[in-house]
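Protein chains in written order, with our numbering: chain L, 1 to 337; chain Z, 1001 to 1337.
Quick caveat, the hints were computed from the structure, so don't treat them as lab data.
C-beta atoms are modelled at their ideal positions from N, C-alpha and C, and glycine is treated no differently.
Take the hints with a grain of salt, since some may be wrong.
Computed cross-link-like contacts, DMTMM-like style, restricted to lysine to aspartate or glutamate with a CA-CA straight-line distance of at most 25 Å [unchecked claim]:
no.	chain 1	residue 1	chain 2	residue 2
1	Z	K1292	Z	E1214
2	Z	K1312	Z	E1156
3	Z	K1135	L	E184
4	L	K135	Z	E1184
Computed far set for chain L versus chain Z, every beta-carbon distance over 10 Å [as the list claims (entries may be wrong)]:
no.	residue
5	K66
6	A207
7	D264
8	I301
9	P309
Each chain, written out:
2 protein chains.
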Amino acid sequence: MKSEDKILLAHGSGGKLMHNLIKELFLKNFFNPILAPLDDAASIEIASSRLAFTTDSYVVKPLFFKGGDIGRLAVCGTVNDLSMKGAKPLYLSVALIIEEGFPLSDLEKIIGSMVKASQEAKVEIASGDTKVVEKGSADGLFINTAGVGLIPPGVEISAKNASVGDVVIISGSIGDHGIAVLSEREGLSFQTQIASDVAPLNELVEALLNVTQEVHVLRDPTRGGLASTLNEIAEASNVAIEIDESAVPIKDEVLGACEMLGFDPFQVANEGKMVVILPEKWAEKALEALKKHPHGKEAAIIGRVVAEPKKKVILKTSIGTTRLLDMLMGEQLPRIC
Amino acid sequence: MKSEDKILLAHGSGGKLMHNLIKELFLKNFFNPILAPLDDAASIEIASSRLAFTTDSYVVKPLFFKGGDIGRLAVCGTVNDLSMKGAKPLYLSVALIIEEGFPLSDLEKIIGSMVKASQEAKVEIASGDTKVVEKGSADGLFINTAGVGLIPPGVEISAKNASVGDVVIISGSIGDHGIAVLSEREGLSFQTQIASDVAPLNELVEALLNVTQEVHVLRDPTRGGLASTLNEIAEASNVAIEIDESAVPIKDEVLGACEMLGFDPFQVANEGKMVVILPEKWAEKALEALKKHPHGKEAAIIGRVVAEPKKKVILKTSIGTTRLLDMLMGEQLPRIC
Chain L
1 MKSEDKILLA HGSGGKLMHN LIKELFLKNF FNPILAPLDD AASIEIASSR
51 LAFTTDSYVV KPLFFKGGDI GRLAVCGTVN DLSMKGAKPL YLSVALIIEE
101 GFPLSDLEKI IGSMVKASQE AKVEIASGDT KVVEKGSADG LFINTAGVGL
151 IPPGVEISAK NASVGDVVII SGSIGDHGIA VLSEREGLSF QTQIASDVAP
201 LNELVEALLN VTQEVHVLRD PTRGGLASTL NEIAEASNVA IEIDESAVPI
251 KDEVLGACEM LGFDPFQVAN EGKMVVILPE KWAEKALEAL KKHPHGKEAA
301 IIGRVVAEPK KKVILKTSIG TTRLLDMLMG EQLPRIC
Chain Z
1001 MKSEDKILLA HGSGGKLMHN LIKELFLKNF FNPILAPLDD AASIEIASSR
1051 LAFTTDSYVV KPLFFKGGDI GRLAVCGTVN DLSMKGAKPL YLSVALIIEE
1101 GFPLSDLEKI IGSMVKASQE AKVEIASGDT KVVEKGSADG LFINTAGVGL
1151 IPPGVEISAK NASVGDVVII SGSIGDHGIA VLSEREGLSF QTQIASDVAP
1201 LNELVEALLN VTQEVHVLRD PTRGGLASTL NEIAEASNVA IEIDESAVPI
1251 KDEVLGACEM LGFDPFQVAN EGKMVVILPE KWAEKALEAL KKHPHGKEAA
1301 IIGRVVAEPK KKVILKTSIG TTRLLDMLMG EQLPRIC
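Could you build all of it, start to finish, from the sequences and the hints given here?
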């Protein structure tokens, strides 16, 4: 078998290989209008309600890291996927795949952390499943959460709705989650005080929608980081996005770690941040609303949507040059979520 | 660490240890009225619609077996969990955890099989997720599917609704899936022609509900087999269930394989069968409706709900004796679904 016929780690990276895999294998096979937009959650019209429905598996390694654990991640990640459709998250399902021999005490800690996060996000667990596989057949614990939420009438948020003239906001500093997880990994020679930003974003979205329902795009830049997310939006909306590098909040420690490791902070995962794209007339009020919430206090306007070059993201660097901000290619940080 | 502090394979068996784990760890922590009944799917009231919502991970080994594969299983299993609430399955989510190096050709076969099964069940895939973990960190492929469906007005199906006097029907022969999967496992010295029964049951449920909405209980006897399912129902409804052994359809080859391996066919998993419990007055018509459908043509009345001994299942054997049919204890067949 040739190596291109095998699944590579990079197929799970959130980058180009993964996008190709999804397009080639999944969309081709499962095509339907609900799945097609490739947003973080599907929007399902049932009788009078518009439901959002989403799923994510969590395979983060290690299971515990500064600022969170796989349990908090599994709740927040799915809450956020629903929130990125503008939906009010209501119910989650939780499915565990546990490796034989996994310590019950760790499982209890993780479940406790899921409970806390679900209370924080005001969602309930509606369905569960547990599978145990033999020692060596999984790596400790994998968690899948699916979620349903309700999309308020009038809200139409999608990666394909970015319009020329819109303003791009990020809700806080980028790269924290990726660097926090990485710094816990065994054998790494650095340690940071950076904690993961993993947090539920539904209150932040609610605050935003209280300002205006005219929000065009919401996206949480998880796997593949801000770069991949912006590229996805530029492609889906057939526009260009111009980002002012110096406006993007990045913690010094994250920058330092990225320099040491040769990573681009724009490609490092976040788990408690979101990109907001909306008409310029709402930008200041939206920013103000975000900054009032603890999860949005470092929010900043970082760029705008322009017409050309279509489907590209342009970074205006602090030294005045510009460069293309490309989607992550290959796998930079496997098992970051 | 003592061995009782670790997760054992038996914690995933569908038997007593798993029930204890769910009760002790999950229900205690996640308690809410929606999750509490521990049915196969949650029922969620949203505006005017009643949604069913469920999740299951699939870790079957091997991935391909006579009569199906993990893809067909992952679609049918979740379709069936929704169907067991009387819901019309509408949308599934699909989340893959793939081991690095997994052959793309196998993935394509499995996706193809999911497409076929979802067409058969008339459900659409609304959301997806792909994670890849390093070689050795998973065993080929795990699939999670969550599902949402709509519960028709007036339908109230739950494991706690079995009433004294009700009739117990099984929709076909038992044990086929477990034996089919087992016979594919490497190193096993027997081979059967038994194919897995894995199939979507939603049409069968629709046919049944066309006869009467007064169906009390529907359950598909998957992990832990018919014995565990009947015990769960007896416990949830606080009744006894009396089963006539000779009335239960079991294929000769399944019986033979069970004898050889020391298995009780009542504890072997099914993936395309269901237990129906409903008032006696509807029994004959219900049976007739089931038998008309290809997936129900071997349906049979196998027992009834009685008052005592509460929470027990009594098997009247073909030689005239009776024995308690106990829930599976420990793990008989790991990774059967």
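Evaluated hints:
1. Z/K1292 with Z/E1214: holds, 20 Å
2. Z/K1312 with Z/E1156: Measuring from Cα to Cα gives roughly 23 Å; hence the hint holds.
3. Z/K1135 with L/E184: holds, 21 Å
4. L/K135 with Z/E1184: holds, 21 Å
5. K66: holds, 22 Å
6. A207: Holds: least Cβ distance 23 Å, greater than 10 Å.
7. D264: L/D264 clear of chain Z: closest Cβ-Cβ about 21 Å, beyond 10 Å.
8. I301: The assertion about L/I301 holds, with a minimum of 31 Å to chain Z.
9. P309: Holds, since 29 Å exceeds 10 Å.
Hint check: no violations occur; every hint is consistent with the structure.
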